[in-house]
Amino acid sequence: MTMPDVHGAVDAVWRIESARLIAGLARIVRDVGLAEDLAQDALVAALEQWPASGIPDNPGAWLMATAKHRAIDLLRRDQMLDRKHAELGVALQSRGEAAAPDLEAAMDDDISDDLLRLIFTACHPVLAAEARVALTLRLLGGLTTEEIARAFLAPVPTIQQRIVRAKRTLREAHVPFEVPRETERAGRLSSVLEVVYLIFNEGYAATAGDDWVRPALCEDALRLGRILAELAPQEPEVHGLVALMEIQASRLRARVGPSGEPILLLDQNRGRWDQLLIRRGLAALERAERLGSSLGPYALQGAIAACHARATSPEETDWTRITALYDALAQLTPSPVVELNRAVAYAMAFGPAAGLEIADALLAEPSLRSYHLLPAVRGDLLAKLGRREEAREAFERAAALTHNARERTLLLERAAASVAPAAGRREPGSQADRP
Amino acid sequence: MRVMVIVPASKESEAGVLPDEKILNEMGKFNEQLVKAGVMLAGEGLHPTSKAKRVRFDGAKRTVTDGPFTESKELIAGFWLWQVKSMDEAVEWLKRAPFGGGVEIVIRPVFETEDFGAAATPEIREREARLRAQVAARQK
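Heads up: the sequence lines are chains A and B, in that order.
Residues in the first sequence are numbered consecutively from 109, following our numbering.
Residues in the second sequence are numbered consecutively from 27, following our numbering.
Derived from the structure by calculation, the hints contain no laboratory data.
Be careful, since some hints might not be right.
What the hints assert, rightly or not - With a straight-line Cα cutoff of 20 Å, these simulated SDA-like cross-link-like pairs (lysine to any residue) come out: (1) B:K55 - A:N166; (2) B:K62 - A:L384; (3) B:K62 - B:V31; (4) A:K492 - A:R505; (5) A:K492 - A:N512; (6) B:K121 - A:G116; (7) B:K62 - A:A340; (8) B:K62 - A:S220; (9) B:K62 - B:L50; (10) B:K62 - A:C326; (11) B:K121 - A:H115; (12) B:K55 - A:I219; (13) B:K121 - B:M53; (14) B:K62 - A:V527; (15) B:K62 - B:F105; (16) A:K492 - A:V527; (17) B:K62 - A:L339; (18) B:K55 - A:P341.
Note that this is a predicted model, so its numbers are computed, not measured.
Could you put the whole structure together from the sequences, leaning on the hints where they help?
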């Protein structure tokens with residue numbers, strides 16, 4: 109194997125093994141930051157040794173053994189061999205000498221619990237959302253700092269600092285490495301789900317930059333979601349989130365036109381929707397429905413996405429069911445953004461006037477003042493009602509508010525089309541795009 | 027990226043011999059690992075070609091042949107679809123699969139939209155245009 113080959117292989121091994129490695133180490137040293145440093149040291153050792161020695165048959169076990177030795181060395185070097193650490197050192201050594209298969213079997217049984225602990229720790233509410241996102245991608249997604257920086261169009265040092273600070277915060281707050289107890293479990297789980305969905309959304313509707321979508325981030329989020337569904341299979345909302353992401357991701361190919369411009373849901377070529385992901389999404393939704401007595405916010409959004417996925421043409425969409433699902437969502441998690449989506453659904457089910465009534469009620473909402481989708485939706489509904497001048501104004505306002513270059517172009521086109529002569533004018537689909 | 031991992035047919039698979047319990051067990055464990063890692067999208071095993079049919083295209087003519095087929099090199103016995111970050115990652119996963127006996131498994135990257143690049147643009151444009159026309163027609 110040539111050197112670059114080994115590097116590629118080491119990267120691949122890292123992606124596969126790092127989360128398990130860090131999780132296993134964190135259980136031993138009770139510090140996620142230290143666990144990651146130890147894992148990184150083992151990776152450096154692999155990069156030094158594997159080109160000459162070849163890749164070991166069980167690279168994961170090799171990395172784990174190396175990291176554990178480092179842990180012992182570190183404890184000794186830091187002269188922290190108080191009684192507790194001495195015990196730990198002995199425990200580590202005797203484990204290392206134990207028959208390898210036994211140790212591995214024991215590790216394998218525990219690893220799911222360790223991974224779950226790691227996810228809950230990385231997504232701890234003591235951390236800001238952006239710190240949770242970076243740490244989760246790093247510790248569980250196996251992404252390098254450079255990859256995270258590229259994904260979020262941020263400078264590498266920014267992400268580096270974010271991760272360092274997050275690890276320090278966890279240490280200083282003495283966040284325990286554990287799965288939260290029943291009483292706080294629901295809140296902590298929603299913090300985890302929020303992080304995964306934030307990552308997905310950053311890929312699905314890029315908030316910055318010139319690209320409308322960054323599929324690699326969607327894939328990372330989906331993978332995290334699928335892992336989580338295996339780790340916490342009894343949680344309906346985990347399956348709800350997976351359903352939502354699988355179905356939304358099924359449209360990735362259809363959402364971008366030939367020159368990178370966005371294509372909205374009702375204008376998409378449904379033949380290009382990924383049927384494999386749709387099937388997986390519908391199966392995840394079924395699991396969520398089986399587990400929960402009533403649907404949670406992610407499962408509801410997944411169910412809405414499923415209504416679109418099941419319709420072979422826009423006309424076949426069950427908009428009445430979608431309005432009912434949005435009503436439920438608005439009750440469970442009332443928010444101006446949910447209201448806006450409800451407005452779109454009502455417009456489709458019961459006519460543009462019904463939708464505009466809900467949308468107009470949001471004009472006084474301070475949190476939506478700079479949210480481009482409100483004027484975008486209003487523009488669409490006003491255009492359908494033939495209030496063309498008002499429609500143009502709304503679209504122009506939406507164009508001024510969006511940060512996405514591609515979307516701005518689309519909105520300006522619609523502003524111009526609103527007041528263009530009606531002959532031959534094609535009415536583009538509604539803004540209804542999500543979920 | 028997605029890859030298809032193609033398992034070739036063997037004398038045994040073509041004879042309809044099912045793998046023994048040990049191999050089934052090991053394969054089950056391997057599949058479980060793939061699912062737990064969020065890598066497995068789909069995977070299927072195929073019946074021997076004695077149950078297959080082959081359709082040959084020649085101009086307007088269609089000739090149907092019943093299996094079994096003998097060119098076993100070209101036959102497959104199963105496949106997986108995996109979601110991975112790179113071909114390297116796919117290789118690392120495949121190395122962990124419980125195969126033996128000189129079998130050779132092939133990993134093929136699946137085309138992604140960006141692979142088509144500018145070349146397919148006119149065709150995609152045309153298809154989009156057709157669809158838009160259909161939608162517009164229905165709305166009238």
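> Holds or violated: K62 of chain B with L50 of chain B, Cα cutoff 20 Å?
Replying inline: Judged against 20 Å, a Cα distance of about 18 Å means the pair holds.
> Between K492 of chain A and R505 of chain A, is the straight-line Cα distance small enough, at 20 Å or below?
Replying inline: Since the Cα atoms of K492 of chain A and R505 of chain A sit roughly 18 Å apart, the hinted pair holds (cutoff 20 Å).
> Taking only the CA atoms, is the gap from K121 of chain B to G116 of chain A under or equal to 20 Å?
Replying inline: holds (14 Å)
> Keeping to a limit of 20 Å between CA atoms, is the pair of K121 of chain B and H115 of chain A held or broken?
Replying inline: Given pair K121 of chain B, H115 of chain A holds - Cα atoms ~16 Å apart, limit 20 Å.
> Given the proposed pairing of K62 of chain B with F105 of chain B, does the C-alpha separation stay at or below 20 Å?
Replying inline: holds (18 Å)
> Do the alpha carbons of K492 of chain A and V527 of chain A lie within 20 Å of each other, as the hint requires?
Replying inline: holds (12 Å)
>> For a C-alpha distance cap of 20 Å, please report whether K62 of chain B and A340 of chain A respect it.
In response: Holds - the C-alpha atoms of A340 of chain A and K62 of chain B are around 11 Å apart, at most 20 Å.
> Is it true that the CA of K62 of chain B sits at most 20 Å from the CA of L384 of chain A?
Replying inline: holds (18 Å)
> CA of K62 of chain B to CA of V527 of chain A, is that 20 Å or under?
Replying inline: Not OK: K62 of chain B and V527 of chain A at ~54 Å, beyond 20 Å, violated.
>> Next pair to validate is K55 of chain B with P341 of chain A; report whether the Cα-Cα distance is within 20 Å.
In response: holds (18 Å)
> Does the structure keep K62 of chain B and S220 of chain A at a Cα separation of 20 Å or less?
Replying inline: holds (9 Å)
> Does the structure keep K55 of chain B and I219 of chain A at a Cα separation of 20 Å or less?
Replying inline: It holds: about 15 Å lies between the C-alpha atoms, which stays within 20 Å.
This entry does not satisfy hints 5, 14, going by the numbered hints stated previously.
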